[in-house]
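Asker: Sequences and hints are given; from them, build the entire structure.
Protein chains in written order, with this note's numbering: chain Y, 7 to 405; chain C, 7 to 405; chain H, 7 to 405.
No wet-lab data here; the hints were simulated from the structure.
It is possible that part of the hints are untrue.
Since the list can't tell identical chains apart, any single copy or any two copies may satisfy a pair.
Unchecked claim - Restricting the straight-line Cα-Cα distance to at most 30 Å, the calculated cross-link-like pairs of lysine-lysine (DSSO-like) are:
#1 Lys-50 / Lys-338
#2 Lys-19 / Lys-316
#3 Lys-124 / Lys-379
#4 Lys-236 / Lys-379
#5 Lys-124 / Lys-19
#6 Lys-256 / Lys-50
#7 Lys-124 / Lys-91
#8 Lys-325 / Lys-50
#9 Lys-325 / Lys-379
#10 Lys-91 / Lys-325
#11 Lys-45 / Lys-379
#12 Lys-256 / Lys-124
#13 Lys-338 / Lys-236
#14 Lys-124 / Lys-50
#15 Lys-45 / Lys-261
#16 Lys-50 / Lys-261
#17 Lys-256 / Lys-45
#18 Lys-261 / Lys-91
#19 Lys-256 / Lys-316
#20 Lys-261 / Lys-124
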Amino acid sequence: MSADQVKNRKPLKFLQPYIDARWGIKNHWYPALFSHEVKEDEVKGIQIAGEPVALRRADGRVYALRDECLHRGVRISARPTCFTKDTISCWYHGFTYDLESGDLCDIIASQEDPLIGKVSLRTYPVEEVNGMIFVFIGDEDYPRQPLAHDVPARVADDYEYRTAYLLDEDTVLLGIRRHCVGNWRLATESGGDPGHFLIHRLSPLVLSQSFSLPLSARLTGPDSVIVNDKEWPKSIALDYDTLEHVMENKRLGVKTYGDTVPAGLNVSLYLPGVLYVENWPTRGLAQYEWYVPADDGHHVYWQVIAATCKTAEERQDFKVQYDNCWEELALKSGFNDDDIFAREATEHFYEDDRGWEEETLFSLDQFVVEWRKLVINHARGIQSPPNSHDQISAHPDGM
Amino acid sequence: MSADQVKNRKPLKFLQPYIDARWGIKNHWYPALFSHEVKEDEVKGIQIAGEPVALRRADGRVYALRDECLHRGVRISARPTCFTKDTISCWYHGFTYDLESGDLCDIIASQEDPLIGKVSLRTYPVEEVNGMIFVFIGDEDYPRQPLAHDVPARVADDYEYRTAYLLDEDTVLLGIRRHCVGNWRLATESGGDPGHFLIHRLSPLVLSQSFSLPLSARLTGPDSVIVNDKEWPKSIALDYDTLEHVMENKRLGVKTYGDTVPAGLNVSLYLPGVLYVENWPTRGLAQYEWYVPADDGHHVYWQVIAATCKTAEERQDFKVQYDNCWEELALKSGFNDDDIFAREATEHFYEDDRGWEEETLFSLDQFVVEWRKLVINHARGIQSPPNSHDQISAHPDGM
Amino acid sequence: MSADQVKNRKPLKFLQPYIDARWGIKNHWYPALFSHEVKEDEVKGIQIAGEPVALRRADGRVYALRDECLHRGVRISARPTCFTKDTISCWYHGFTYDLESGDLCDIIASQEDPLIGKVSLRTYPVEEVNGMIFVFIGDEDYPRQPLAHDVPARVADDYEYRTAYLLDEDTVLLGIRRHCVGNWRLATESGGDPGHFLIHRLSPLVLSQSFSLPLSARLTGPDSVIVNDKEWPKSIALDYDTLEHVMENKRLGVKTYGDTVPAGLNVSLYLPGVLYVENWPTRGLAQYEWYVPADDGHHVYWQVIAATCKTAEERQDFKVQYDNCWEELALKSGFNDDDIFAREATEHFYEDDRGWEEETLFSLDQFVVEWRKLVINHARGIQSPPNSHDQISAHPDGM
Chain Y
7 MSADQVKNRK PLKFLQPYID ARWGIKNHWY PALFSHEVKE DEVKGIQIAG EPVALRRADG
67 RVYALRDECL HRGVRISARP TCFTKDTISC WYHGFTYDLE SGDLCDIIAS QEDPLIGKVS
127 LRTYPVEEVN GMIFVFIGDE DYPRQPLAHD VPARVADDYE YRTAYLLDED TVLLGIRRHC
187 VGNWRLATES GGDPGHFLIH RLSPLVLSQS FSLPLSARLT GPDSVIVNDK EWPKSIALDY
247 DTLEHVMENK RLGVKTYGDT VPAGLNVSLY LPGVLYVENW PTRGLAQYEW YVPADDGHHV
307 YWQVIAATCK TAEERQDFKV QYDNCWEELA LKSGFNDDDI FAREATEHFY EDDRGWEEET
367 LFSLDQFVVE WRKLVINHAR GIQSPPNSHD QISAHPDGM
Chain C
7 MSADQVKNRK PLKFLQPYID ARWGIKNHWY PALFSHEVKE DEVKGIQIAG EPVALRRADG
67 RVYALRDECL HRGVRISARP TCFTKDTISC WYHGFTYDLE SGDLCDIIAS QEDPLIGKVS
127 LRTYPVEEVN GMIFVFIGDE DYPRQPLAHD VPARVADDYE YRTAYLLDED TVLLGIRRHC
187 VGNWRLATES GGDPGHFLIH RLSPLVLSQS FSLPLSARLT GPDSVIVNDK EWPKSIALDY
247 DTLEHVMENK RLGVKTYGDT VPAGLNVSLY LPGVLYVENW PTRGLAQYEW YVPADDGHHV
307 YWQVIAATCK TAEERQDFKV QYDNCWEELA LKSGFNDDDI FAREATEHFY EDDRGWEEET
367 LFSLDQFVVE WRKLVINHAR GIQSPPNSHD QISAHPDGM
Chain H
7 MSADQVKNRK PLKFLQPYID ARWGIKNHWY PALFSHEVKE DEVKGIQIAG EPVALRRADG
67 RVYALRDECL HRGVRISARP TCFTKDTISC WYHGFTYDLE SGDLCDIIAS QEDPLIGKVS
127 LRTYPVEEVN GMIFVFIGDE DYPRQPLAHD VPARVADDYE YRTAYLLDED TVLLGIRRHC
187 VGNWRLATES GGDPGHFLIH RLSPLVLSQS FSLPLSARLT GPDSVIVNDK EWPKSIALDY
247 DTLEHVMENK RLGVKTYGDT VPAGLNVSLY LPGVLYVENW PTRGLAQYEW YVPADDGHHV
307 YWQVIAATCK TAEERQDFKV QYDNCWEELA LKSGFNDDDI FAREATEHFY EDDRGWEEET
367 LFSLDQFVVE WRKLVINHAR GIQSPPNSHD QISAHPDGM
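Answerer: This is how it looks when you write it as structure tokens:
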């Protein structure tokens, strides 16, 4: 960076709440596990936005409690120990909690202990839909929000390129999740980025289809990024119809392999960090991606393909297609692995917050900037670092 | 943790010296190595309470010196280099120290150097008994204490369940030591914990014997924890005869496999962190455990079984028994490996000192609390972190 | 360390600029890569003194630019992407830089972007000589210095033991480089250290030759270390003819294997950290070593053997000799691997700067002390830690 550029460093006051959000935003719904990952009576431990969460399924229903025993702080999920359908016990001294309330209702090592009934483990609201388990992460006293407010909105029925809605009964979701290096903000920003197609120029998915991704989707004006911030779910969207698709750079001799772009492709990004790509990886399907903060340097990358399947046969067909094509060609080596590479590559520049000050944005970063504004103005809260005694006072309304 | 619980955080002033003792307590005897680990002329390097120590055996006797050459600070033990029986040389430039005094008595690279005779390497008192080498770690000018003051006391000769005394001539000690994750305080606290038996419910040692451990040893009153803090060695002890052994929890449907508890089982914990379990792993034997601080996140876990053997035949019998049963069944996969798992599990909660403030103790933790008081009031000093220029002024008498 | 020694700690004010130089000294030439490591059109990324540098060869010439895209800070070299001979493109969004000027001349994702032509990537001066690529690392506005000022000086033509000069046309350089643990200062200090020969006492190179290294080269007076600080290149040198070679220590019973020392051996150390050993590993050859700072805990250890070869046949002979003997016997297991072991061993003592205060220097460390003075008084600048916003004001003239 030259001396001039150093002098021109932006004032970052505006961006501060976003910089503070390195551990995630709170009072939102996040995907926790796929349903098949917690079978009846199983206990699984995960971490979202720095919070350890234990999930247990009992009589079909999934419960979520803080995965840290009140006694000496061990992960309850480390050695799943349940003796009844309505409790979960810590494997160490037998502190036993009511699944529903989190109340300490027994201690195996001290059945008449005065502590019983006096303390409670934190619990979290859970919703399970179409094979995915969602957990509401945030302040214990924050009013529970509808799950529909934190997932991509339903598209109008008469829209020519209509794809499946996540919460519909006839929607089938198939996908994977991976624990990735990199802060959730960088991953989320990369998800909808209209300028990053160069990394996919030679991706097998692109070369194997009848379409090409353009070298870039040039934003022709302020309308190219639509901000939906009046009603929940809140989002920003790229309207591909208003974009100029650049297929060639003559000066440098770079060209896309094909000439046409995918029909009906729409890209939008929702709070708390959900990418929605319609008619992708092929017409009629949709791809959802979540970049769930784990800690300040890792996120869980959820990649889910959605289809509307009205019959058992359609479900079976979609599953065969997914297993034999899309998982590898779209979600893994054929396309998204390149995105993972790119996200990890930005981590170093931002990990000590230098990047926010030294980055040099260009015109297509309008999308990234609008996303940051959406987080700053509409996230329901900024997650404090774990173990921090000073809460970050970041309620968006007060900013 | 709920908002209420956060508000009820304990004042920790009382506990502060214990919290400061993350690198160990000083001016005490710690086991360093088994005798067979330092053969004649061998040099071995270890670390106790952050202090690097080199041990060398010459003419049968073991010497201990600070394992950091005065010149450029390398570990002398990294490339053992001894040219005479009464010296140890640094392998790099040949700084040569007198084994007894630590005085710099030669420099191979500069035989007439003015530095010779002017500086000394720190030495440590050493005692070797029954196959174990002990080193006195602490302030250079602190008066040497008797080893007998830092190991479990001799039991009265006429005690029905009498087991071997560590320092007796006819005592045989067989065991192992392991470098484990976790601070020495958490390991020590877990050692004598009367409430942790749930983790051993299905341990092979327990299922293979005629006895069971209870689900817990309920403390029936203040007498259940005996504090011996008048004379050295200082300790706390559980008297199993005064405890209520809980064998079942009907509400949760948990039960011990057998109905009787081990005869003569007594558990006591001595400064500087030595667990003494009488009549364990079986009647007539005793198990000693040390949790020697290595650094602030690791300890060396010593597990030693003691027997009284009056003849060579008895020694041989005990060795056969140990090799073919107790090492695996008692010290490793049959029992103590579960303790190692449990200790490591608490490390995260306490590693930034959050646990001391947020832990929720219950009635059986009276034992842990008395142990902490013993350390706070009677440890001969708190070890400063290595490289710290500000000494922690923690002489117990002044507290 | 005894209480007395602690009290006698040296005042370190004098040494402070040297202690500050943990990331290297700046405005000097450093070797970056061997020529064969960057073939035509290849891009390679390295790090010198904390600065990421991308090297690209185009039409035979090597260019060096800061290896951090202005946009989002990724390493440009992570996925080499070049479309024309005079540019280098970032693989992520296609930010394209002019190789010569570093100017942003195109963005593939946004060909008409207003940012084009407005910003520049930092470039570095490059020189390539005899198979080595050198880069000038330092302040962007610092006047470029001649490479000859930063490499060992030419020896007089009529000197009996004359060896090859690095920059001569008929000089052939063969060698290796390795990424090693340890700060560059400790590595450099060890390079010319006249007191460290004990570690080479049993080295295969020494035992296989007709000469021995002495146990030490005792400095007989102030003349033994010659300081050349008037003209560039600046250096300190040991004159082996004025040294007393110690071949035996009778008290300890240590003796060198042979009786004679190598003829014409001269050791000198140049800014910015280049060791020059004449007539080594055998008469007529010379060994160069650089200890190039990578970060504050690692350096790149360059080991190069130089020969004068007037004909293609001589070049071939030297190459056969190097491949079949010197690389293994001199640079690797036969000799220098012991130096790497020794350097790594000092790292722990100095990594938190404790060593500078607690080290105990002896008479032979006069060489080390003169080297430190040379750095403090004549380095062209002290490198700031990366990402630090406060520059270390360490221009040597002002000290």
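Asker: Each hint: holds or not?
Answerer: Here's how the hints hold up against the structure:
1. Lys-50 / Lys-338: both (25 Å within a copy, 27 Å between copies)
2. Lys-19 / Lys-316: This pair counts as neither: shortest intra-copy Cα distance 51 Å, inter-copy 66 Å.
3. Lys-124 / Lys-379: between (43 Å within a copy, 26 Å between copies)
4. Lys-236 / Lys-379: within (14 Å within a copy, 59 Å between copies)
5. Lys-124 / Lys-19: Classified as between: cross-chain Cα gap 25 Å, same-chain 44 Å, threshold 30 Å.
6. Lys-256 / Lys-50: between (54 Å within a copy, 26 Å between copies)
7. Lys-124 / Lys-91: within (21 Å within a copy, 66 Å between copies)
8. Lys-325 / Lys-50: within (26 Å within a copy, 43 Å between copies)
9. Lys-325 / Lys-379: So Lys-325 and Lys-379 fail the 30 Å test inside a copy (38 Å) and across (63 Å) alike.
10. Lys-91 / Lys-325: neither (33 Å within a copy, 48 Å between copies)
11. Lys-45 / Lys-379: neither (40 Å within a copy, 46 Å between copies)
12. Lys-256 / Lys-124: between (73 Å within a copy, 21 Å between copies)
13. Lys-338 / Lys-236: neither (35 Å within a copy, 62 Å between copies)
14. Lys-124 / Lys-50: For Lys-124 and Lys-50, only the intra-copy Cα distance (26 Å) is at most 30 Å; the inter-copy one is 53 Å.
15. Lys-45 / Lys-261: between (49 Å within a copy, 26 Å between copies)
16. Lys-50 / Lys-261: between (48 Å within a copy, 25 Å between copies)
17. Lys-256 / Lys-45: Between copies only: 26 Å across, 56 Å inside.
18. Lys-261 / Lys-91: between (61 Å within a copy, 18 Å between copies)
19. Lys-256 / Lys-316: neither (48 Å within a copy, 49 Å between copies)
20. Lys-261 / Lys-124: This pair counts as between: shortest inter-copy Cα distance 25 Å, intra-copy 68 Å.
The structure shown violates the earlier hints numbered 2, 9, 10, 11, 13 and 19.
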